[in-house]
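Each residue of the sequence shown is one higher than the last, beginning at 1 in UniProt numbering.
Treat the hints with care, since some could be wrong.
What the hints assert, rightly or not - Okay, derived cross-link-like pairs now, BS3-like style, lysine-lysine, Cα gap no bigger than 25 Å in a straight line:
1) 80 x 59
2) 56 x 67
3) 80 x 67
4) 59 x 45
5) 93 x 59
6) 45 x 97
7) 45 x 67
8) 59 x 79
9) 67 x 97
10) 139 x 93
11) 93 x 80
12) 56 x 45
13) 56 x 93
14) 97 x 56
15) 139 x 80
16) 79 x 67
17) 93 x 79
What the hints assert, rightly or not - DEER-style ranges, computed between Cβ atoms:
18) 46 x 126: 43 to 51 Å
19) 115 x 64: 32 to 40 Å
20) 102 x 139: 15 to 23 Å
Don't read these hints as lab results, they were simulated from the structure.
Think of the CB as a built atom: it goes at the ideal place given N, C-alpha and C, for glycine as much as any other residue.
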Amino acid sequence: MFRPWETKNMITSAVTNPEIPEKTVIRETKCPEPINLRSVLAYLKCQRYPVYIHSKNDKSNFRRQAKSFYFSDDVLYHKKNSVLVIFDEEQRKSILKMIHEGSEESIEAVALPSHCGRDATINMLSQRCDWPSITSDVKSFIKECGVCQRVNPATLKIVPE
């Protein structure tokens with residue numbers, strides 16, 4: 001049972017108690033490193049681990065992460081929803097721009113709504129392709145989009161009558 005007054009007392013006694021060393025680590029967590037997609041593609045092709053993986057534990061973690069992908073015709077796909085994994089930064093930007101702003105290049109792109117917001121853009125992108133930083137890329141792209149910033153309800157000023 002959570003009792004806030006007990007937690008407060010424990011914190012106070014820990015601060016005032018000289019027996020506890022100043023640099024005591026209470027709990028340390030290690031965030032998993034993002035997976036290198038080019039290494040996954042090379043592993044799936046040749047069944048060889050990247051040179052930076054040495055320990056048995058690292059190999060096991062890498063295999064577990066690589067299980068989420070498959071490749072066909074030298075193209076990497078995500079198993080979850082069979083979407084294409086994009087490596088090239090410029091290609092990522094052009095796809096993001098096409099999905100967000102609309103484009104005259106394809107029938108599908110013309111049919112898509114343009115400037116539909118962060119969540120809808122992430123959803124449309126996730127149905128077609130994938131890359132590790134897709135959410136943060138969409139957020140920064142929309143923050144820099146002039147049209148979205150002009151029509152954003154949070155930034156609109158109400159004109160007094």
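- Message: So if I understand the rule, the pair passes when the alpha-carbon distance is 25 Å or less; does residue 93 with residue 79 pass?
- Response: holds (23 Å)
- Message: Against the 25 Å threshold, does the CA-CA distance of residue 45 and residue 67 hold or violate the hint?
- Response: Holds, because 13 Å separates the two Cα atoms, which is no more than 25 Å.
- Query: Are residue 56 and residue 45 close enough, with their CA atoms no more than 25 Å apart?
  - Reply: holds (20 Å)
- Item | Satisfaction of hint between residue 93 and residue 56, Cα-Cα up to 25 Å | violated (37 Å)
- Item | Given hint residue 97 paired with residue 67 - CA-CA distance at most 25 Å | The given pair, whose Cα atoms are some 30 Å apart, is violated under the 25 Å limit.
- When you check the alpha-carbon spacing of residue 139 and residue 93, does it fall within 25 Å? holds (12 Å)
- Message: Holds or violated: the 43 to 51 Å window for the beta-carbon distance between residue 46 and residue 126?
- Response: violated (29 Å)
- Query: Within 25 Å, alpha carbon to alpha carbon, are residue 80 and residue 59?
  - Reply: It holds: about 22 Å lies between the C-alpha atoms, which stays within 25 Å.
- Item | Agreement of residue 45 and residue 97 with the hint, judged by alpha carbon distance not exceeding 25 Å | Not OK: residue 45 and residue 97 at ~31 Å, beyond 25 Å, violated.
- Going straight from one Cα to the other, do residue 59 and residue 45 come out at no more than 25 Å? holds (16 Å)
- Message: Check the hint pairing residue 80 with residue 67 against an upper bound of 25 Å on the C-alpha distance.
- Response: holds (10 Å)
- Would you say the C-beta atoms of residue 102 and residue 139 sit inside 15 to 23 Å of each other? Distance hint for residue 102, residue 139 holds at roughly 19 Å.
The structure fails hints 5, 6, 9, 13, 14, 18 (numbered hints given earlier, in ascending order).
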